[in-house]
Amino acid sequence: MGLESKLGNLGVVTARLEDLINWGRTNAMWPLGFGLACCAIEMMSAQAANYDLSRFGMELMRASPRQSDLMIVAGRVTRKMAPVLRRLYDQMPDPKWVLSMGDCASCGGVFNNYAIVQGVDEIVPVDVYVAGCPPRPEALIDGIIKLHEKVRRSHPLKESEPIRV
Amino acid sequence: MIDLIKSRFPEAVLDVIEFRGETTVVVAPERLIDICTFLRDEPALHFDLLSDVSAVDRFPEHPRFEVNYHLYALEGNRSLRLKVRLDGETPVVASVTGVWPGANWHEREVWDLMGVRFEGHPDPRRIFMPDDFLGHPLRKDAAQFYEEPQFTHNFDQIERQKPYAKE
Chain Y
1 MGLESKLGNL GVVTARLEDL INWGRTNAMW PLGFGLACCA IEMMSAQAAN YDLSRFGMEL
61 MRASPRQSDL MIVAGRVTRK MAPVLRRLYD QMPDPKWVLS MGDCASCGGV FNNYAIVQGV
121 DEIVPVDVYV AGCPPRPEAL IDGIIKLHEK VRRSHPLKES EPIRV
Chain F
1 MIDLIKSRFP EAVLDVIEFR GETTVVVAPE RLIDICTFLR DEPALHFDLL SDVSAVDRFP
61 EHPRFEVNYH LYALEGNRSL RLKVRLDGET PVVASVTGVW PGANWHEREV WDLMGVRFEG
121 HPDPRRIFMP DDFLGHPLRK DAAQFYEEPQ FTHNFDQIER QKPYAKE
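Taken in sequence, the protein lines are chains Y and F. Quick note: the first sequence uses the numbering used here, first residue 1, plus one each step. Quick note: the second sequence uses the numbering used here, first residue 1, plus one each step.
Among the clues, some could well be false.
[Said to hold, decoys possible] Result set (SDA-like, lysine to any residue): computed pairs, CA atoms no more than 25 Å apart in a straight line:
hint, chain 1, residue 1, chain 2, residue 2
1, Y, Lys80, F, Ala142
2, Y, Lys146, F, Lys166
3, F, Lys166, Y, Arg152
4, Y, Lys80, F, Arg125
5, Y, Lys96, Y, Glu59
6, F, Lys166, Y, Ile116
7, Y, Lys80, F, Leu134
8, F, Lys166, Y, Val151
9, F, Lys166, Y, Thr78
10, Y, Lys80, F, Asp132
11, F, Lys166, Y, Pro125
12, Y, Lys150, F, Phe128
13, F, Lys162, Y, Pro83
14, Y, Lys150, F, Pro163
15, Y, Lys80, F, Ala165
16, Y, Lys80, F, Thr90
17, F, Lys162, Y, Asn113
18, F, Lys166, Y, Gly35
19, Y, Lys80, Y, Asp90
20, F, Lys162, Y, Ala115
21, Y, Lys96, F, Leu134
22, F, Lys166, Y, Arg87
23, Y, Lys80, F, His121
24, F, Lys166, Y, Asp121
25, Y, Lys80, F, Asp112
26, Y, Lys158, F, Lys166
27, Y, Lys150, Y, Ile21
28, Y, Lys80, F, Ser54
29, F, Lys162, Y, Phe111
30, Y, Lys150, F, Lys166
31, F, Lys166, Y, Glu59
32, Y, Lys146, Y, Pro156
33, Y, Lys80, F, Phe133
34, F, Lys162, Y, Arg79
35, Y, Lys80, F, Asp123
36, F, Lys162, Y, Arg86
37, Y, Lys96, F, Ala165
38, F, Lys140, Y, Thr78
No lab work stands behind these hints, which were simulated from the structure alone.
Just need the whole structure built from these sequences, with the hints factored in.
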């Protein structure tokens with residue numbers, strides 16, 4: 001059943017190393033759910049039973065940045081929170097991606113005032129922006145799938161720097 | 001109730017406003033602590049809960065700032081508002097944290113957002129804005145935003161100025 005019926009007599013498979021690395025990275029991308037405001041509710045409901053994020057390998061939102069590779073910035077980032085966000089981003093080990101969820105994280109949203117950072121891309125480099133106020137769980141899943149496609153297209157071996165001793 | 005206050009502090013009560021069941025007493029800022037202590041301790045009044053300390057900036061008018069103290073008496077369900085009118089760029093008024101300790105964070109909020117100094121406050125620092133922020137955001141002459149909304153006609157200009165994070 002499943003994969004075994006299609007394999008036939010295959011025992012050894014060759015593939016490009018980059019493809020394998022990218023496939024491994026997308027299949028179990030652990031998010032650091034940085035739920036700040038209302039978008040966090042939609043992120044929680046995307047994690048819950050009806051729209052499941054566990055099928056993408058994101059069974060848990062890791063609480064610690066040291067154990068996660070995807071930071072989902074869900075909600076408004078205030079100017080007081082911005083250094084904290086940057087510090088958590090810096091604490092994440094490579095490879096890491098940032099998904100900016102919702103309008104407030106992407107561009108400031110409806111708030112253009114003294115307190116809200118106009119777009120989290122002023123603080124951390126963002127890979128995927130998901131629009132919506134708040135984006136439906138399906139939109140967040142669409143953003144995650146687009147991020148998976150972006151990771152599948154990337155070339156990790158060419159971009160990595162040589163290890164300097 | 002108002003007569004009790006007026007008879008005790010005849011020269012400090014500047015005005016009394018009654019509107020739809022709410023009583024507001026405008027007070028001179030010099031006697032504020034005495035009036036607050038009297039309101040809290042007098043058995044007939046016994047205003048033991050300070051609900052809120054807030055400020056209003058009436059920019060072109062003088063006096064510019066008004067600090068409102070919302071008081072509530074738990075027994076008797078009585079509410080009262082005290083108003084103190086202040087002028088100047090950074091007006092100073094005595095802090096009521098000695099009378100009601102709950103005023104601590106409310107006065108920090110008023111200092112942070114409006115710029116009204118409270119003399120005798122045990123912890124005078126900003127509470128909402130980051131510590132190195134310059135200015136007081138909720139004043140009428142404070143900047144409304146730090147970046148213009150990006151429409152089609154100024155898209156490139158804002159795109160150039162926006163500090164994107166590189167790494």
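Hint by hint, here is what the structure shows:
At roughly 18 Å between alpha-carbon atoms, Lys80/Y and Ala142/F fall within 25 Å of each other, so this suggested pair holds. At most 25 Å may separate the alpha-carbon atoms for a hinted pair to count; Lys146/Y and Lys166/F meet this at roughly 21 Å. Annotation: proposed proximity of Lys166/F to Arg152/Y holds, straight-line Cα distance about 22 Å (limit 25 Å). With a C-alpha separation of about 14 Å, the suggested pair Lys80/Y and Arg125/F falls inside the 25 Å cut-off, and the hint holds.
With a C-alpha separation of about 18 Å, the suggested pairing of Lys96/Y with Glu59/Y holds against the 25 Å cut-off. Taken as a hint, the Lys166/F and Ile116/Y pair is honoured in the structure, with Cα atoms around 20 Å apart against an allowance of 25 Å. Annotation: proposed proximity of Lys80/Y to Leu134/F holds, straight-line Cα distance about 13 Å (limit 25 Å). This hinted pair checks out: Lys166/F and Val151/Y have alpha carbons roughly 19 Å apart, not beyond 25 Å.
With a C-alpha separation of about 20 Å, the suggested pair Lys166/F and Thr78/Y falls inside the 25 Å cut-off, and the hint holds. The hinted pair formed by Lys80/Y and Asp132/F meets the criterion: a straight-line CA distance of about 10 Å does not exceed 25 Å. Of the pairs offered as hints, the one joining Lys166/F and Pro125/Y holds, with about 6 Å between alpha carbons and a cut-off of 25 Å not exceeded. At roughly 38 Å between alpha-carbon atoms, Lys150/Y and Phe128/F are farther apart than 25 Å, so this suggested pair is violated.
Taking the CA atoms of Lys162/F and Pro83/Y, the gap is about 17 Å. The hint holds against a cut of 25 Å. Under the criterion of a C-alpha separation no larger than 25 Å, the hint pairing Lys150/Y with Pro163/F is consistent with the structure, at around 24 Å. A threshold of 25 Å between alpha carbons decides the hint, and for Lys80/Y with Ala165/F the separation of about 17 Å falls inside it, so the pair holds. As the CA atoms of Lys80/Y and Thr90/F are separated by approximately 24 Å, the hinted pair is consistent with the 25 Å bound.
This hinted pair checks out: Lys162/F and Asn113/Y have alpha carbons roughly 16 Å apart, not beyond 25 Å. A threshold of 25 Å between alpha carbons decides the hint, and for Lys166/F with Gly35/Y the separation of about 23 Å falls inside it, so the pair holds. For the given pair, Lys80/Y sits about 17 Å from Asp90/Y by alpha-carbon distance, which is consistent with the 25 Å threshold. For the proposed pair Lys162/F and Ala115/Y, the alpha carbon gap of about 17 Å is at most 25 Å, so the pair holds.
A hinted pair counts as satisfied when its Cα atoms are at most 25 Å apart, and Lys96/Y with Leu134/F does not qualify at roughly 34 Å. Under the criterion of a C-alpha separation no larger than 25 Å, the hint pairing Lys166/F with Arg87/Y is consistent with the structure, at around 15 Å. Under the criterion of a C-alpha separation no larger than 25 Å, the hint pairing Lys80/Y with His121/F is consistent with the structure, at around 23 Å. At most 25 Å may separate the alpha-carbon atoms for a hinted pair to count; Lys166/F and Asp121/Y meet this at roughly 9 Å.
About 13 Å separates the Cα atoms of Lys80/Y and Asp112/F, which keeps this hinted pair within 25 Å; it holds. Among the hinted pairs, Lys158/Y with Lys166/F is consistent with the structure: their alpha-carbon atoms are about 19 Å apart, no more than 25 Å. With a C-alpha separation of about 13 Å, the suggested pair Lys150/Y and Ile21/Y falls inside the 25 Å cut-off, and the hint holds. Distance hint between Lys80/Y and Ser54/F is fulfilled; the C-alpha atoms sit about 22 Å from each other, no more than 25 Å.
At most 25 Å may separate the alpha-carbon atoms for a hinted pair to count; Lys162/F and Phe111/Y meet this at roughly 17 Å. Annotation: proposed proximity of Lys150/Y to Lys166/F holds, straight-line Cα distance about 18 Å (limit 25 Å). At roughly 30 Å between alpha-carbon atoms, Lys166/F and Glu59/Y are farther apart than 25 Å, so this suggested pair is violated. As the CA atoms of Lys146/Y and Pro156/Y are separated by approximately 17 Å, the hinted pair is consistent with the 25 Å bound.
Straight-line distance between C-alpha atoms of Lys80/Y and Phe133/F comes to about 9 Å, which keeps the hinted pair within the 25 Å bound. Straight-line distance between C-alpha atoms of Lys162/F and Arg79/Y comes to about 15 Å, which keeps the hinted pair within the 25 Å bound. Taking the CA atoms of Lys80/Y and Asp123/F, the gap is near 19 Å; set against the 25 Å cutoff, the hint holds. The suggested pairing of Lys162/F with Arg86/Y holds, with an alpha-carbon distance near 17 Å, which does not exceed 25 Å.
Restraint check for Lys96/Y and Ala165/F: the C-alpha separation of about 15 Å stays at or below 25 Å, so the hint holds. For a cut-off of 25 Å, the pair hint linking Lys140/F to Thr78/Y stands: about 21 Å separates their Cα positions.
In this structure, the earlier hints numbered 12, 21 and 31 are contradicted, and the remaining ones agree with it.
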